[in-house]
Structure formats: C-alpha cells, structure tokens
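Engineer: For the protein sequence lines, the chains are W and S, in the order given. Our numbering applies: residue 1 is where the first sequence begins, and numbers increase by one. Our numbering applies: residue 1 is where the second sequence begins, and numbers increase by one.
Check the hints yourself; a few may be wrong.
Each computed BS3-like pair below joins lysine-lysine, with the alpha-carbon atoms no more than 27 Å apart [as the list claims (entries may be wrong)]:
no.: 1; chain 1: S; residue 1: Lys117; chain 2: W; residue 2: Lys184
no.: 2; chain 1: S; residue 1: Lys114; chain 2: W; residue 2: Lys101
no.: 3; chain 1: W; residue 1: Lys96; chain 2: S; residue 2: Lys106
no.: 4; chain 1: S; residue 1: Lys106; chain 2: W; residue 2: Lys184
no.: 5; chain 1: W; residue 1: Lys101; chain 2: W; residue 2: Lys184
no.: 6; chain 1: W; residue 1: Lys101; chain 2: S; residue 2: Lys106
no.: 7; chain 1: S; residue 1: Lys43; chain 2: W; residue 2: Lys101
no.: 8; chain 1: S; residue 1: Lys117; chain 2: S; residue 2: Lys106
no.: 9; chain 1: W; residue 1: Lys40; chain 2: W; residue 2: Lys184
no.: 10; chain 1: S; residue 1: Lys117; chain 2: W; residue 2: Lys101
no.: 11; chain 1: S; residue 1: Lys114; chain 2: W; residue 2: Lys184
no.: 12; chain 1: W; residue 1: Lys96; chain 2: S; residue 2: Lys43
no.: 13; chain 1: W; residue 1: Lys96; chain 2: S; residue 2: Lys117
no.: 14; chain 1: W; residue 1: Lys68; chain 2: S; residue 2: Lys80
no.: 15; chain 1: W; residue 1: Lys96; chain 2: S; residue 2: Lys114
no.: 16; chain 1: S; residue 1: Lys80; chain 2: W; residue 2: Lys125
Computed beta-carbon distance windows for the label pairs [unchecked claim]:
no.: 17; chain 1: W; residue 1: Glu63; chain 2: S; residue 2: Trp109; range: 54 to 60 Å
no.: 18; chain 1: S; residue 1: Glu52; chain 2: W; residue 2: Asn155; range: 36 to 42 Å
no.: 19; chain 1: W; residue 1: Lys184; chain 2: S; residue 2: Leu74; range: 41 to 47 Å
Only some residues are given here: those of chain W computed to face chain S with a beta carbon under 7 Å [claimed, not checked]:
no.: 20; residue: Thr55
no.: 21; residue: Thr82
no.: 22; residue: Ala83
no.: 23; residue: Val85
no.: 24; residue: Ile91
no.: 25; residue: His104
no.: 26; residue: Gly149
no.: 27; residue: Thr159
no.: 28; residue: Gly201
No lab work stands behind these hints: they were computed from the structure. Quick caveat, the model's predicted, so the values are computed rather than measured. We put the beta carbon where it would ideally sit given N, CA and C, even for glycine.
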Amino acid sequence: MNKRLPISEVWVYLSGDPLFALIITLATYQFGYLLYVRAKRHPLVNPVAISVILTCVIIDLLEMPYEKYFEGAQFVHFLLGTATVALAIPIYNGFKRMQGKILHIWVALTAGSTVSIVSAVVIAKLMGAGDNIVGSMYAKSVTAPIAMGIAERLNVSPTLTVVFTVITGMLGAILAPYIMNALKIHQWWIRGTAIGVGAHGLGITRAFSVNEEAGIYASMAMGLNGVISAIGLPIVLTYLRPYLGF
Amino acid sequence: MISGLVQLFLWQGLGELLSKFFLPSIPGPVLGLLLLVAFLCVKGQVNTDLAEVADAFRQHLGLLFVPASVGVVLFLPDLKTHALAVSTALIVSVILTIGVTAIVLKVFWYFSLKRSKGTAMSKGHRHE
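Chain W extracted, bound-state conformation (with noise of 0.2 Å):
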C-alpha cells in the first residue's frame, strides 16, 4: 500500500495536467500512422480511426471523463482553423492548372454535394435514425475543419459531423476506384476532382499516392466544395428547414 501511494500521487498529477491528453492524442496518433506507413498506405489502416479508437479505450479504462480529456487535447483541435486556412494553397495551385474548367467543377462540385447530403439526410431520416444523427450527415462530407464550424452554425453535433466526416473519408478511399472504373473514367484530373469531394482529405492521400495530377485536383475539390457548403449549407437550410421537416 505505502508503496503504491508515490505512484498513484505522479498519476494524479499527471491526469490532471493538459500534457496527458496530449500525450495519448499524439502517441496514439503516430502509432496508427506507422501501421499506415506499414501496410503501404491502405485506407482501412486509418491512421484517425486507430488513434480514436485507442484513445477511446485509454480514457475509457482511465475513467478519465471526455471534458477532461479535451481540456488538454484542444490545443491540436485549435489548429483545424489554421489548418482551413491553409487548404488556400491547394486551391490556389489547382486554379492555375484548370484554365477553362472552372465552371465544369463548380457545377460538378455542386452537384456533387448536394447528391451527398440530400442522400445520407434521406436515407437516414427514412431509416429511422434521431435528429442528432440526420443533422450530422449535413456536412459529412466536406472537409473536417470545415464540417465543424458548419455544425456549429447549424446547431448540430459537431463530434458525430466529425467522426461521420472520417468513416466517410475511408470508405470513399476505398471505394472511389472500384466506382470509377464501373464508369469507365480514366482521366486522372476528373478521378481526382471526384474523390477530392467525396473522400476529402483521405482521397487525397489516396490519389496523390496514385497520380500527381489526380492530387492536386483533389485537393482543389476538397477545398472548393468545403468552400461551397460553408456558404451554400447555412443558406440553403435555413430556407428550407421548415418545408423539409428536418
């Protein structure tokens, strides 16, 4: 017992402290991205899904309560604005290379996320699921950062738009081929462009490790159609809310 108590003292103090929450955040994180780098980048060895799901397990078995453990973690969630923001240069590289088809992939980015969220709001409402879980398939498929500041204007969850936002992102990775080729599109910018919208930041990885060019049109779309919905959502739902019943 007398030699428990030092150890226990150290515990106390060091879950009290925001670096823990840090610590297992990054840790988890670097792990599951080793395993990534391991299994050559397959999207099912998803670096975030293995570090929320151990991070779940860890606070789980610590009994340490969510607020507490974002009080530490919320340094790195503060950086998903900085991290918006940044998404400018991607967008800017992929303007200088698509002269002339601007306005091809801004009526395909439309289209494209409209087909997506009505979809996932239909099927989700048709199939039963609470007002929680209709409302966080709004911004689901755009990119995190930009899926959470629309939650918060639609006064929806922004955890499950967030952890929505990554189960699609993998599927998408993993999908986005298999939907392609069934279509027989084969031009890389336009495989790109559409895994870039419906995949975001995974399909990115995903066609970069592929196709440079498919890359960098990805990363335009991914920017772009969050760009689109972060003005677009908000407006368009506040009109039709009431008509929609959701």
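Given chain W, put chain S in place with the hints provided.
Structural biologist: Chain S only, in chain W's frame:
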C-alpha cells in the same frame, strides 16, 4: 516554417474578425481561406515558407480532428441503436457523391472535346 505559420494565423485572424462583425453565417477560417486565395491570385505565387507549412498541415490533417472524434464516446448508445441506418446512409451517399461528380465532369469533358474537335475541323477546312 515559423513565418508560414504566422502568415496563416494572420489570415485566420482576419477571417475571424470578418466573420464576427460582417458575415456570421460563414466560419472565420473559411473567410481566411478565401482572403488568402485572393491574395495569392493577386501575388501570383506562393512563398516557400507558406507552402511548407501548408504541406505539413495537409499531410497530418487527420491528427487535428482526433480530439473532436473522441467525443464519439458520448454518442455510442445512440449510434448502436441506429447502426444500420448510419452505415447505409454513409455508404450509399459516398458512392452517389463520387459517381455523380465524376459523371458530370465526364459529360462536360465529352462535350468540350466534341466542340474542340469541331472547331479544329472547321479550321482545317479553312486551311484547305
């Protein structure tokens, strides 16, 4: 590295101010992004510091949403009861999103190809 980060923070700050006082429906960072794109278009190039930081963010964007995703622990019971609805919605939606975007682009591409072939041919005729 630091200079790139400072630039991003400044644009973010500017975006937050704009969002707070003029356009509350759009998140500040998105406005910061738009301002930065406009700035880059005017300037015509990306400085290396900024490109470096942006690249680092792009590569490890995933890490930044771990803290928020861990919040899923609060929703586990809700998600379990609606697991089928959630997974169907996500899978069908992602297939449709990627499919529709690609098809729209392919259609546009097809028509612009046809048009450019047409003009090339008429030019060719003139040549003869």
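Engineer: Indicate, hint by hint, whether the structure satisfies it.
Structural biologist: Evaluated hints:
1. S:Lys117 to W:Lys184: 21 Å, holds
2. S:Lys114 to W:Lys101: 15 Å, holds
3. W:Lys96 to S:Lys106: 21 Å, holds
4. S:Lys106 to W:Lys184: 10 Å, holds
5. W:Lys101 to W:Lys184: 20 Å, holds
6. W:Lys101 to S:Lys106: 12 Å, holds
7. S:Lys43 to W:Lys101: Holds, at about 22 Å.
8. S:Lys117 to S:Lys106: 16 Å, holds
9. W:Lys40 to W:Lys184: Holds, at about 26 Å.
10. S:Lys117 to W:Lys101: With Cα atoms ~17 Å apart, Lys117 (chain S) and Lys101 (chain W) stay inside 27 Å; holds.
11. S:Lys114 to W:Lys184: 18 Å, holds
12. W:Lys96 to S:Lys43: Cα-Cα ~13 Å, so holds.
13. W:Lys96 to S:Lys117: Between Lys96 (chain W) and Lys117 (chain S) the Cα gap is close to 24 Å, so the pair holds against 27 Å.
14. W:Lys68 to S:Lys80: 24 Å, holds
15. W:Lys96 to S:Lys114: Distance ~24 Å between Lys96 (chain W) and Lys114 (chain S) Cα, so the pair holds.
16. S:Lys80 to W:Lys125: Holds: Lys80 (chain S) and Lys125 (chain W) sit about 16 Å apart, inside 27 Å.
17. W:Glu63 to S:Trp109: 54 to 60 Å: Hint holds: Cβ distance 56 Å, inside 54 to 60 Å.
18. S:Glu52 to W:Asn155: 36 to 42 Å: Distance hint for Glu52 (chain S), Asn155 (chain W) holds at roughly 37 Å.
19. W:Lys184 to S:Leu74: 41 to 47 Å: 44 Å, holds
20. Thr55: Given a least distance of 5 Å, the restraint on Thr55 (chain W) holds.
21. Thr82: OK, holds: Thr82 (chain W) within 7 Å of chain S, min 5 Å.
22. Ala83: 4 Å, holds
23. Val85: 4 Å, holds
24. Ile91: Interface hint status for Ile91 (chain W): holds (5 Å vs cutoff 7 Å).
25. His104: For His104 (chain W), the interface hint holds, since the closest Cβ of chain S sits about 4 Å away, which is under 7 Å.
26. Gly149: With a closest approach of 3 Å, the Gly149 (chain W) hint holds.
27. Thr159: This interface hint holds because 3 Å falls under the 7 Å limit.
28. Gly201: Constraint on Gly201 (chain W) satisfied, holds at 5 Å.
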